[in-house]
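Visitor: Here is how the chains run, residue by residue.
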Amino acid sequence: MFLKNAWYVAAWSHEIEHTLAQRWIAGEPIVIYRTEGGRVVALEDRCPHRRAALSLGRLIGDSIECGYHGVTLDCSGACVKIPGQELIPKTMKARSYRVVEKWQWVWVWLGDPDQADEALIPDFRWNSEPGWTYTGGSIDVKANYQLLTDNLLDLTHETYVHAKTIGNQAVIETPAITSVVGNEVHVKRIMSNTKPPPLFAKVRGTDSPIDRWQVIRYQTPANIAIDARGYPAGSEDMSQALRWFSINSITPIDDKTSRYYWTITRCFALDDQALTELIHKSILATFMEDVVVIEAQQLRMQTDHPDKHEVGIAADAGALGARRILERLIREEALASSAST
Amino acid sequence: MFLKNAWYVAAWSHEIEHTLAQRWIAGEPIVIYRTEGGRVVALEDRCPHRRAALSLGRLIGDSIECGYHGVTLDCSGACVKIPGQELIPKTMKARSYRVVEKWQWVWVWLGDPDQADEALIPDFRWNSEPGWTYTGGSIDVKANYQLLTDNLLDLTHETYVHAKTIGNQAVIETPAITSVVGNEVHVKRIMSNTKPPPLFAKVRGTDSPIDRWQVIRYQTPANIAIDARGYPAGSEDMSQALRWFSINSITPIDDKTSRYYWTITRCFALDDQALTELIHKSILATFMEDVVVIEAQQLRMQTDHPDKHEVGIAADAGALGARRILERLIREEALASSAST
Amino acid sequence: MFLKNAWYVAAWSHEIEHTLAQRWIAGEPIVIYRTEGGRVVALEDRCPHRRAALSLGRLIGDSIECGYHGVTLDCSGACVKIPGQELIPKTMKARSYRVVEKWQWVWVWLGDPDQADEALIPDFRWNSEPGWTYTGGSIDVKANYQLLTDNLLDLTHETYVHAKTIGNQAVIETPAITSVVGNEVHVKRIMSNTKPPPLFAKVRGTDSPIDRWQVIRYQTPANIAIDARGYPAGSEDMSQALRWFSINSITPIDDKTSRYYWTITRCFALDDQALTELIHKSILATFMEDVVVIEAQQLRMQTDHPDKHEVGIAADAGALGARRILERLIREEALASSAST
Numbered sequence: 005m006f007l008k009n010a011w012y013v014a015a016w017s018h019e020i021e022h023t024l025a026q027r028w029i030a031g032e033p034i035v036i037y038r039t040e041g042g043r044v045v046a047l048e049d050r051c052p053h054r055r056a057a058l059s060l061g062r063l064i065g066d067s068i069e070c071g072y073h074g075v076t077l078d079c080s081g082a083c084v085k086i087p088g089q090e091l092i093p094k095t096m097k098a099r100s101y102r103v104v105e106k107w108q109w110v111w112v113w114l115g116d117p118d119q120a121d122e123a124l125i126p127d128f129r130w131n132s133e134p135g136w137t138y139t140g141g142s143i144d145v146k147a148n149y150q151l152l153t154d155n156l157l158d159l160t161h162e163t164y165v166h167a168k169t170i171g172n173q174a175v176i177e178t179p180a181i182t183s184v185v186g187n188e189v190h191v192k193r194i195m196s197n198t199k200p201p202p203l204f205a206k207v208r209g210t211d212s213p214i215d216r217w218q219v220i221r222y223q224t225p226a227n228i229a230i231d232a233r234g235y236p237a238g239s240e241d242m243s244q245a246l247r248w249f250s251i252n253s254i255t256p257i258d259d260k261t262s263r264y265y266w267t268i269t270r271c272f273a274l275d276d277q278a279l280t281e282l283i284h285k286s287i288l289a290t291f292m293e294d295v296v297v298i299e300a301q302q303l304r305m306q307t308d309h310p311d312k313h314e315v316g317i318a319a320d321a322g323a324l325g326a327r328r329i330l331e332r333l334i335r336e337e338a339l340a341s342s343a344s345t
Numbered sequence: 005m006f007l008k009n010a011w012y013v014a015a016w017s018h019e020i021e022h023t024l025a026q027r028w029i030a031g032e033p034i035v036i037y038r039t040e041g042g043r044v045v046a047l048e049d050r051c052p053h054r055r056a057a058l059s060l061g062r063l064i065g066d067s068i069e070c071g072y073h074g075v076t077l078d079c080s081g082a083c084v085k086i087p088g089q090e091l092i093p094k095t096m097k098a099r100s101y102r103v104v105e106k107w108q109w110v111w112v113w114l115g116d117p118d119q120a121d122e123a124l125i126p127d128f129r130w131n132s133e134p135g136w137t138y139t140g141g142s143i144d145v146k147a148n149y150q151l152l153t154d155n156l157l158d159l160t161h162e163t164y165v166h167a168k169t170i171g172n173q174a175v176i177e178t179p180a181i182t183s184v185v186g187n188e189v190h191v192k193r194i195m196s197n198t199k200p201p202p203l204f205a206k207v208r209g210t211d212s213p214i215d216r217w218q219v220i221r222y223q224t225p226a227n228i229a230i231d232a233r234g235y236p237a238g239s240e241d242m243s244q245a246l247r248w249f250s251i252n253s254i255t256p257i258d259d260k261t262s263r264y265y266w267t268i269t270r271c272f273a274l275d276d277q278a279l280t281e282l283i284h285k286s287i288l289a290t291f292m293e294d295v296v297v298i299e300a301q302q303l304r305m306q307t308d309h310p311d312k313h314e315v316g317i318a319a320d321a322g323a324l325g326a327r328r329i330l331e332r333l334i335r336e337e338a339l340a341s342s343a344s345t
Numbered sequence: 005m006f007l008k009n010a011w012y013v014a015a016w017s018h019e020i021e022h023t024l025a026q027r028w029i030a031g032e033p034i035v036i037y038r039t040e041g042g043r044v045v046a047l048e049d050r051c052p053h054r055r056a057a058l059s060l061g062r063l064i065g066d067s068i069e070c071g072y073h074g075v076t077l078d079c080s081g082a083c084v085k086i087p088g089q090e091l092i093p094k095t096m097k098a099r100s101y102r103v104v105e106k107w108q109w110v111w112v113w114l115g116d117p118d119q120a121d122e123a124l125i126p127d128f129r130w131n132s133e134p135g136w137t138y139t140g141g142s143i144d145v146k147a148n149y150q151l152l153t154d155n156l157l158d159l160t161h162e163t164y165v166h167a168k169t170i171g172n173q174a175v176i177e178t179p180a181i182t183s184v185v186g187n188e189v190h191v192k193r194i195m196s197n198t199k200p201p202p203l204f205a206k207v208r209g210t211d212s213p214i215d216r217w218q219v220i221r222y223q224t225p226a227n228i229a230i231d232a233r234g235y236p237a238g239s240e241d242m243s244q245a246l247r248w249f250s251i252n253s254i255t256p257i258d259d260k261t262s263r264y265y266w267t268i269t270r271c272f273a274l275d276d277q278a279l280t281e282l283i284h285k286s287i288l289a290t291f292m293e294d295v296v297v298i299e300a301q302q303l304r305m306q307t308d309h310p311d312k313h314e315v316g317i318a319a320d321a322g323a324l325g326a327r328r329i330l331e332r333l334i335r336e337e338a339l340a341s342s343a344s345t
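Residue numbers (our numbering), protein chains in the order written: chain A, 5 to 345; chain B, 5 to 345; chain C, 5 to 345.
Certain hints may be false.
[As the list claims (entries may be wrong)] In silico negatives: residues of chain A with every beta carbon more than 10 angstroms from chain B:
{"id": "1", "residue": "Leu63"}
{"id": "2", "residue": "Lys199"}
{"id": "3", "residue": "Val207"}
[Claimed, not checked] Short, incomplete list of chain A residues facing chain B, as computed with Cβ under 8 angstroms:
{"id": "4", "residue": "Ile29"}
{"id": "5", "residue": "Gly31"}
{"id": "6", "residue": "Pro33"}
{"id": "7", "residue": "Arg50"}
{"id": "8", "residue": "Pro52"}
{"id": "9", "residue": "His53"}
{"id": "10", "residue": "Arg54"}
{"id": "11", "residue": "Ala56"}
{"id": "12", "residue": "Ala57"}
{"id": "13", "residue": "Tyr72"}
{"id": "14", "residue": "Gly74"}
{"id": "15", "residue": "Thr76"}
{"id": "16", "residue": "Lys85"}
{"id": "17", "residue": "Pro87"}
{"id": "18", "residue": "Gly88"}
{"id": "19", "residue": "Thr95"}
It is worth saying that the hints were derived from the structure and are not from the lab. This one's a predicted model, so the numbers in the text were calculated from it and none came from an experiment. We put the beta carbon where it would ideally sit given N, CA and C, even for glycine.
This is chain A alone, in the form it adopts within the complex:
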């Protein structure tokens, strides 16, 4: 089940030009393009006439001409032309999605456009903030999107999955503090006077001890910002610190496939291109380690006898908290939808 009244990342902003792009989000086909004026439009990728993929058609100005029989829809999804006839039936229209471009990404509101609330776009300002520079990408994962949220809300896995880059014993040995604040989950772990993990040592050029912070903020449906800091031990001297945000948004393609959008955005050595490349390569390799683990989890979710349950541990607090919030919102959405019918 998916929360429909929510923003999902549909693309990187730079991916969307004045040409037709295609995405699946939560099982829905969507065609996306940028108007001549520069605004991003998202319509159902399905011609209301005979279900042809609109994304196989062509743009005429800001309208899409279906590539099958020429039915033409404007950027609100309204039909403006049916070749060979004057009359345009009222039902000849494609669904239009509310779209916002923010923090380098194109966000699409899957649910009722009248309820679209920009305030619900997560706070990922560091992707766009002056004084910060980011690198990032997107990864297709053959697993349910919530397995990825779980992963990011319990960073103890770094010790076991990512010992080559961002994991070490300190992570598992330091308890985290989890709190639920409205529809958000916050998980905070401060590791004092600890050996830096391999990637931190490489980035800072020293393995002298650090105070390491991990401050995680989860926002529905699947957005996670991690404020990651490595100060020289005993100081909060930002001038000598590693500090970056790990920004993550997971878009369900369907219930067994996801596209994982990520950035690492840092506020130091902004012009060091070699550093950017080191971070990109190391973090991508790190996330691909997660993918192996998570895709095997997904397989077991599909093959396990329904009686089989999971056994919770203390470290699950963040992941379970986020799941409970999302389940409640999905339940409320279903209730509101059946009440309005």
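Given chain A, work out where chains B and C should sit, using these hints.
Guide: Chains B and C only, in chain A's frame:
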């Protein structure tokens, strides 16, 4: 759902020799071969003993010896030998299909053999008529066969899908006249004094204006002959005309896959092999443009919420007429079948 | 359906070392390894915490540390460590399977460990007997395991499928005697004074007539030993005979996929490595001929209308006998299981 009491193309005649060939039609496995006497035989491709594929066996004279345990069936599907025993149970037989070779193709009647009626084989005489020459092939498409019938009954798509070969503005600008005649649908479009589409200009060696005819005849379940003509504008001078039939028969492999048999058969420049090659290459490329559109339609048919409907337009008249006829025949067949039980 | 209270081959013994291996048996994921002391351990390949694949973790001594969050299980499946917390919930454990190494293979008991009975491991002693030497392998087949048992219990198929190696007319012309002995099926065929099949002639270096024995013993769930002999016709002179056992055990991966473990183990020319290679290559090619036939059977099992039945013949006696025994045991197991609930 498929109409069972109907003829389907199982193969090109030249594909069937005195050796075992395998086809799936409407979900049924069928083994086909030519007897020593030259007659084409089609049996269920499933040994009645243990379901081995008979097509993996071998021909002994005109009988098939199953390649697993040697059960041997004659060309009526009757068992003539069970190795190691004298007694042959009455139930040891494979279903036999009525077969007719006509118009270069092998037609198989999927339903009750006693109801097989050769008069129901569509009129595709131009594939075999003296004074005509054809080129053609078969294409596997990952879509329901009716999406292909729809395609051929609404040629307005040529303007949008086939602008490189047989489409231009004239097609979309000229209304067609659709009529239902018994179990047939006829769609006629006459474009007067119009620019020829690119392939017509190339074939005739001139882009001087033409009168262009498209006369479509649909016969159940999925047979379409298009009488295509390009006369010098204002004359019906056949000696200077392009005239060919586009002959099409679509065989469902299952409900999501089809094999599309096609020819273009012309009555001019019969010996011009280079022209034959030009037509073959151009029409194959044209049909492959359809395949892209149709396979994307099929995907949406599988993923659309069941509440989603299509919105009809004037140009659908032929396609909808054909669907209504086929639905009625399938319904009548189901009623007759339950009445006889 | 699978018999759970039964031994299945999970691996060749030589495949299992002090490292984590992964297998699926009857739909269950299993992680297998050899302890430092040399004992083979099999656990459910699913961390009780969040369903991660334990086989992606690592061995610490004889315990598995889950590669996701470090939950550590000993070789009984009991949890010995949860990183970051003292309390270990009782339910935090992975299922442990009874394991026996015997006849070169690792056998896993899928059902209730208290009912595991080593006497039920089939008698495949010739894989390990002094005076015998074997060659063998394993083959993945896209078919239900019972189609492979059927195949081995009716060797008349050799005449049709394996004419290049072990089949000839004598097999189909000589009736077999089938008997059911408790939960075993025995099928015996003695061919007197007969031409040797091609592989026998090649192995013995002569095509002078032989007396050929095939003595098949089926043990549940899917184990078949075939005592194959080729004596000089009229003698039972073992010194000039070809004699080998064809040892077969088929492990269901799931209901549509199987892993077929096989050996040919002989008691002559023990040190003739070229002969071993000839036998290996010839028998593997022979079994791959079966795979083609059996995978096509499986496809028909999936596509056939449920009304379609098979028609039995005399040669089926062994295969049907084995199916009846296995069906009864599965039924009894289900009854016992519901009684104990």
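Visitor: For each hint, tell me whether it holds in the structure or not.
Guide: Cross-check of the supplied hints:
1. For A:Leu63, the requirement that its beta carbon stay farther than 10 angstroms from each beta carbon of chain B is met, with the minimum near 14 angstroms.
2. Every C-beta of chain B lies more than 10 angstroms from that of A:Lys199, the closest at about 50 angstroms, which supports listing it as non-interface.
3. Listed as a non-interface residue, A:Val207 keeps its Cβ farther than 10 angstroms from every Cβ of chain B; the least gap is roughly 44 angstroms.
4. Below 8 angstroms, beta-carbon pairs count as interface contacts, and A:Ile29 has none with chain B, the closest being about 12 angstroms; its hint is therefore violated.
5. Restraint check, A:Gly31 versus chain B: the minimum CB separation of about 6 angstroms is within 8 angstroms; hint holds.
6. Checking A:Pro33 against chain B by beta carbon gives a least distance of about 7 angstroms; that is within 8 angstroms, so the hint holds.
7. Checking A:Arg50 against chain B: minimum C-beta separation of about 5 angstroms stays under 8 angstroms; hint holds.
8. Look at A:Pro52: its Cβ gets to within about 5 angstroms of chain B, closer than 8 angstroms, so that hint holds up.
9. Residue-level restraint check for A:His53 holds (minimum Cβ-Cβ distance to chain B is 6 angstroms; threshold 8 angstroms).
10. A least Cβ separation of about 6 angstroms between A:Arg54 and chain B falls short of the 8 angstroms threshold, and the interface hint therefore holds.
11. Hint status for A:Ala56 relative to chain B: holds, with the closest Cβ pair at about 6 angstroms, below 8 angstroms.
12. Taking 8 angstroms as the C-beta cut-off, the interface hint given for A:Ala57 holds, the closest approach to chain B being about 4 angstroms.
13. Taking 8 angstroms as the C-beta contact cut-off toward chain B, the hint placing A:Tyr72 at the interface holds, the least distance being around 5 angstroms.
14. For A:Gly74, the suggested interface contact is upheld, since its CB lies about 5 angstroms from the closest CB of chain B, less than 8 angstroms.
15. With its C-beta approaching chain B no nearer than about 10 angstroms, A:Thr76 sits outside the 8 angstroms limit, and its interface hint is violated.
16. At about 11 angstroms, the closest approach between the beta carbon of A:Lys85 and any beta carbon in chain B exceeds 8 angstroms, and the interface hint on this residue is violated.
17. This hint holds: A:Pro87 has a C-beta 4 angstroms from the nearest C-beta of chain B, less than the 8 angstroms allowed.
18. Among the interface hints, the one on A:Gly88 holds; its C-beta lies about 6 angstroms from the nearest C-beta in chain B, closer than the 8 angstroms criterion.
19. Look at A:Thr95: its Cβ gets to within about 5 angstroms of chain B, closer than 8 angstroms, so that hint holds up.
Hints 4, 15, 16 from the earlier list are contradicted by this structure; the remaining hints agree with it.
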